[in-house]
Each structure stands twice: as C-alpha cells, then as structure tokens.
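Hey, can you work out the whole structure from these sequences and the hints?
In order, the protein sequence lines correspond to chains A and B. Numbering of the first sequence is given in this note's numbering, commencing with residue 184 and proceeding in unit increments. Numbering of the second sequence is given in this note's numbering, commencing with residue -12 and proceeding in unit increments.
Keep in mind that a hint or two might mislead.
[What the hints assert, rightly or not] In silico lysine to any residue, SDA-like type, Cα no more than 20 Å apart, as pairs: (1) 28(B) <-> 79(B); (2) 355(A) <-> 28(B); (3) 355(A) <-> 399(A); (4) 98(B) <-> 512(A); (5) 98(B) <-> 247(A); (6) 355(A) <-> 83(B); (7) 28(B) <-> 312(A); (8) 28(B) <-> 385(A); (9) 335(A) <-> 293(A); (10) 355(A) <-> 89(B); (11) 98(B) <-> 554(A); (12) 98(B) <-> 553(A).
Simulated from the structure, these hints should not be mistaken for lab results.
Chain by chain, the residues:
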Amino acid sequence: MRRVRFRDSLLIFIAAAFLATAGCGGGGSSASATTPTPPTNPGGSPTPNVQAITVNTGPAAGPPTNAPYVDGAFTSVTLCVPGTTTCQTIDGILVDTGSSGLRVLSSALTLSLPQQADSSGDPIVECLPFLDSVTWGPVQTADLTMAGEHAKSLPIQVIGTSSFPAIPSACKNLGPPEEDLSGLATNGILGIGNFAQDCGAACTVTGSSNPGLYYKCPSSGCEVTTESISSQVQNPVALFATDNNGVLIQFPAVSGAEPSVTGSLIFGIGTQSNNGLGGATVYAADPNTGNFTTVFKGVTYQDDAFLDTGSNGFYFLDSSITGIPTCTNFTFWYCPANTLNLSAVNQGTNGAMGTVKFSIGNADTLTANVNDAAVSALGGPSPGLFDWGLPFFFGRSVYVAIEGRSTPGGSGPYYAY
Amino acid sequence: MNRTAIMLGVLLGTIALLISPLSLPASLGSDSASVEADRGKMEGTLQITSNDSYAVHQIQTSTGVAVKEFVSPAGKVFAVAWQGPFHPDLHQLLGAYYDRYVQAVQAQRTKRRGHGPMVIQQPGLIVQISGHSRSFWGRAYVPEMMPAGVHVEELR
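Right, here's the structure in full:
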C-alpha cells in the first residue's frame, strides 16, 4: 500500500512547498506540549459529560498478576441490568480509540446480565480480533452510565466466561485468546473509536464475505452467524441520547516519566460549551479504515496512520529505516542512546496538513521504574501502520468523531487536534 | 534495485488464475503449491506476478483482505504479508510456524506492560503485526529462506 521512495520524496517536497506557502487547511501546528484548560461543567448544562481518565499502572499491577501497565488510560463504567437499578461500577477499564464497543472481563463483572440471542433463541457469542489476539465471549446487554450520559440496552462483550468454553478453531486461528486479567492487563476495554459498531455491514451478510466475528452457540456447538448492525457490540457514545457524535480527550503534558496523570474524556463534539473544536484542525479519516496519512523520514504511510489511546507508545517503521536501535530485552520498544526529537507530517483525507513534533527516548531508562505509568517518549517499531499511541495525547486536546455523525467540523470519521 | 525493470516484470508476469480449491498443506515455509490451499480456504482469487528474485502470489480474500505470499526461485514461500479490515486465517497462512507465533505472543505479554503493535523476532521467524479494528497489517518471514538481494521493505 505504501508508495515507493521516489514518490515519497515527491510527496514530501509537495508537502513542504504547501506548508511553506499557503499552510494547507489549518497549517503546520506543531502542537507542542501545552496544558489544556481544565474542563468545566458550566452551570445549567443539560448533561454532565466529563469522565475522568487516569494513566496509571492499571488493575493488573500487584499480585497475583503484577504486570504494571505503562501508557494506558483507565476509567470506570457503571453497568446496570437493563431497566433496573441493579448496578455495578467497574474500574480499571482501558480507554481505546482503536476499537469500538465495551468489553468486560467476567472476573470483574458481578452482575448477571441478559444474554443476547438470535430469533431461534440461540445465544450470540463474539470473536473479536485485536492485533495479536482475540477476545472470545458472549454478547450481553447492559444499561451503561458514564458521567451523566446513558446508553440504554447496550450490547457488550463479556470475556472469559465459563459459559462458552469451546473457542471455535476459526476464532483461535486469528491469534491466541485473551481471557483473563493476566492476558488483557485491564478489566475491560472501552472502545470509543471512529466506528459506531465493532464490525459494521460486513457481519450482516451471509456467505464467505462474512468475516466470522459473530457466532450462534446452541448446545450443539458454535457456528458463524449474521449480526444486524443494531445488535452488534456498539460504541457506547454512539448510543447516548446527547453528546453522541464523538469524544474529546484531554491530558496535561507529561515530562519524562511520571507515576500517573489524570485527564478528561469529554463526550460530544461541539455539543456543549466544554467540547467545542476551537482552533483544532480536522483530519478527515478514510471511512473504511479510520486512517489518515503520515509522512515520516521519507516514508509515506498512505491511509495507514491512526491515533490510538489503546497503544502504549509511538510505533513506526523499524530499526533498519529509522536507525534507532530496539531495546535488547524489550524488542518491541526503541532504545536510542539519547532522546531523539523527531517530526512527521499528518495529512487528512480532506487535505488538512500539519507537522507533529515528538520524541523517542530510551525505553529501558524510561520504564526502569515500574511505578511510572505515564511516559512521554515511549516508542517502538511498526513497519506496517504508523500508530500514534497514548503519548500523542499528552498535552493535547484530541477529538475523535464517529462515522456518519455531524459535528461543527463536518461529518465523522475524523480526528482533530 | 531497478524499479522500472520490476514494474515491467510485474506487468509482463501478471497472470490471473481461478482454480478450484485443492486440499494441500500450507504455507509459510512450504512449497508454492500450498498457496492454492490458502486460496481455497480463504475463498479468494489468486493473481501471480513475478520479478527476477521471487514471485508474488496475491490472494484477495472474500472478506476484503489482500494476502501476498512471496515464493523464492526454489519454490518455497519465504514470506507472507496481509492488509485489510480483518485478519486472514493466520493458522493457515503461517502453517507450521503458527504455534511458534502464538507461544511468542504469549511469552511477550507480561513483558510488554500494555498493548501495541506485535513484533516477534526469533531466529528463523519474524512476525510483525500492526493496526486497529477494521484496519490490520501483518508480515511474517523466514530470513534464512529469503533469496539474496531481497529487501524486507519489499515484502508488503
């Protein structure tokens, strides 16, 4: 998918020329670390829409798992049995703009939620592929509350239940399953990305073009089934009555490595006085992939870049191209001798363009103290897609607009910052 | 490497094939015949292009994933790559290497302290996977089997 080098050079030249003259669509905001104004709930606002999110070592830190997270943003969600006041608040939920839908470990869930079933009464179970793993478990329904926002009868995935222990081979063939706290390192995943559902139209069709994310599981065994758009595991924000067109994520700047940092997950874009776009530049994303373009070191990630709170670093290229060595033990992180100050150009599908400055430090040094959960210059190789992970969000206000939803900055999907 | 020559080779070497599925063992590290087993299992269409160093068997799966298998002059699949809204059947694609891949992922989990792109770097097996929901990218190759002069960057 990526263009050849000659083409890259040309693109960079053109980009540089644009930046030097007209400042295409918003200009080259370097967006260096400035602390955003703390969000407020103005008196009389219709719905409290600010949810605290914290970068800390997460629920897997300490015994028995003792896998302290680094650069993960966690929050809590309140779930209720639909239509009742039987509720539970679960904390240690990872905030993830790289997926859509809420997934909760059964070990963290004390409620007994209703199981989703198809028209024949067969229970629906999902296999959702992540990068290097899958989550397997039943689709159940809950009323969700975050801040003052409610998503009624929200289909969610419950991971690691004893109810459906036999994972179909077609699911296991996509990667190893993550079924518990030691594997997932979080009590759940709150997917609030660009998409309104986790699968979309592909899962509604029969035949070989169905990617096989949803199964019906009568006692005789599981087989792939179709799942309507409204029955799929949903981005909860898309189901809110108000403030349902996307989110704004704000974090203060992080200096080096810090034990923790607290930010805000604000629901809605341009729907209340605390979530206006202000001077942010809108980078439209491809409606199929949710990606935009990043140009870095002569390489164009054409429609192959994204912002992802669920990735714990800046991930790009590899040592053979960057010349940055990976760490000896942590081969998934970079370990330069000195902190490197780098820059890349992001480009939306709407032509908006801007330079991003970022730093890559020595991961061995930055993560040496496992109590430091917030690290600003953590990065590693990713020869496929350019993954702007959580450190990108430090010191910024970043907007993630949901597909097809209108906002003052145009329709989603887009990112803005 | 001379890109014009490669492009010319790609143009001249383009053959579209539609063959009925066969049941053969697969894939990374196997004979090129295993590509057909992969195509059958993924219910895709196969297109073969070639240059001086290797042939590329490209499968477009029915779920919209572009899968490439790189075949050496000795007829061995030395690399596979994919991109699309979902993963292809990785057990099929990685073949005998799949179990090693799974073990390596599990071994890396606690060390990793979080989630991010996967990089497995072992003697005899490199696997790199990145992306997010609806946009995945992956590559796996056996360095020892790569024909001389092939750059990893070409394997995508």
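Taking the hints in turn, this is what the structure says about them:
1. 28(B) <-> 79(B): OK: residue 28(B) and residue 79(B) at ~8 Å, within 20 Å.
2. 355(A) <-> 28(B): The hint holds at about 15 Å.
3. 355(A) <-> 399(A): The given pair, whose Cα atoms are some 16 Å apart, holds under the 20 Å limit.
4. 98(B) <-> 512(A): holds (9 Å)
5. 98(B) <-> 247(A): holds (15 Å)
6. 355(A) <-> 83(B): Since the Cα atoms of residue 355(A) and residue 83(B) sit roughly 15 Å apart, the hinted pair holds (cutoff 20 Å).
7. 28(B) <-> 312(A): Satisfied, since the Cα-Cα distance of roughly 19 Å is no more than 20 Å.
8. 28(B) <-> 385(A): Holds - the C-alpha atoms of residue 385(A) and residue 28(B) are around 19 Å apart, at most 20 Å.
9. 335(A) <-> 293(A): Measuring from Cα to Cα gives roughly 19 Å; hence the hint holds.
10. 355(A) <-> 89(B): holds (10 Å)
11. 98(B) <-> 554(A): holds (15 Å)
12. 98(B) <-> 553(A): holds (11 Å)
Checked against the numbered hints given earlier, the structure satisfies every one of them.
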